[in-house]
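Make a model of the complete structure from these sequences and hints.
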Amino acid sequence: MAADTIDVPAHETTARVTVRRRGDLRGSASFIWWTESGTAKPGVDFTPVIPRAERIESGKDSVSLSIPISDMPRRQPKSFYVEIDRTESGAALGAKNLTMVTLLPPPD
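Each position in the sequence shown, counted from 1, maps to that position plus 591 in the numbering used here.
It should be emphasised that the hints constitute simulated quantities derived from the structure, not laboratory data.
This structure is a prediction, so every number in the text was calculated from the model and none was measured.
Treat the hints loosely; a few may be bogus.
[As the list claims (entries may be wrong)] Now the in silico label distances, taken between C-beta atoms and shown as ranges:
#, residue 1, residue 2, range
1, Asp598, Pro633, 40 to 50 Å
2, Leu616, Pro698, 23 to 33 Å
3, Arg613, Pro698, 29 to 39 Å
4, Glu603, Gly634, 37 to 47 Å
5, Lys632, Asp598, 12 to 22 Å
6, Arg617, Asp699, 45 to 55 Å
C-beta atoms are modelled at their ideal positions from N, C-alpha and C, and glycine is treated no differently.
This is how it looks when you write it as structure tokens:
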């Protein structure tokens with residue numbers, strides 16, 4: 592993961608989590624990812640993602656994961672998590688396998 596935490600402003604409808612790869616960019620790299628609830632409720636505050644495969648194409652160093660966010664107004668920040676558990680193509684996982692996504696309320 593490119594960041595430990597990501598803040599999503601109130602007007603955004605999608606959370607974007609960047610996954611980066613380092614080293615040799617030859618060949619594609621695949622991994623499995625999903626969302627986990629926190630204070631944000633799946634199906635209410637964000638669209639949950641069940642485990643799915645994603646690929647970083649050969650020659651590329653990153654991919655952006657998109658998670659739809661509800662346009663329901665929030666009075667306080669709510670968070671959920673994006674997790675990578677394993678790779679599909681033999682690439683090693685880095686130190687950051689979990690990112691907290693915080694849905695921010697509108698500014699006062």
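To see whether the hints hold, each was checked on the structure:
{"no.": "1", "hint": "Asp598 / Pro633: 40 to 50 Å", "in the structure": "violated (19 Å)"}
{"no.": "2", "hint": "Leu616 / Pro698: 23 to 33 Å", "in the structure": "violated (40 Å)"}
{"no.": "3", "hint": "Arg613 / Pro698: 29 to 39 Å", "in the structure": "holds (36 Å)"}
{"no.": "4", "hint": "Glu603 / Gly634: 37 to 47 Å", "in the structure": "violated (18 Å)"}
{"no.": "5", "hint": "Lys632 / Asp598: 12 to 22 Å", "in the structure": "holds (18 Å)"}
{"no.": "6", "hint": "Arg617 / Asp699: 45 to 55 Å", "in the structure": "holds (50 Å)"}
The structure does not agree with the numbered hints 1, 2, 4 stated previously, though it agrees with the rest.
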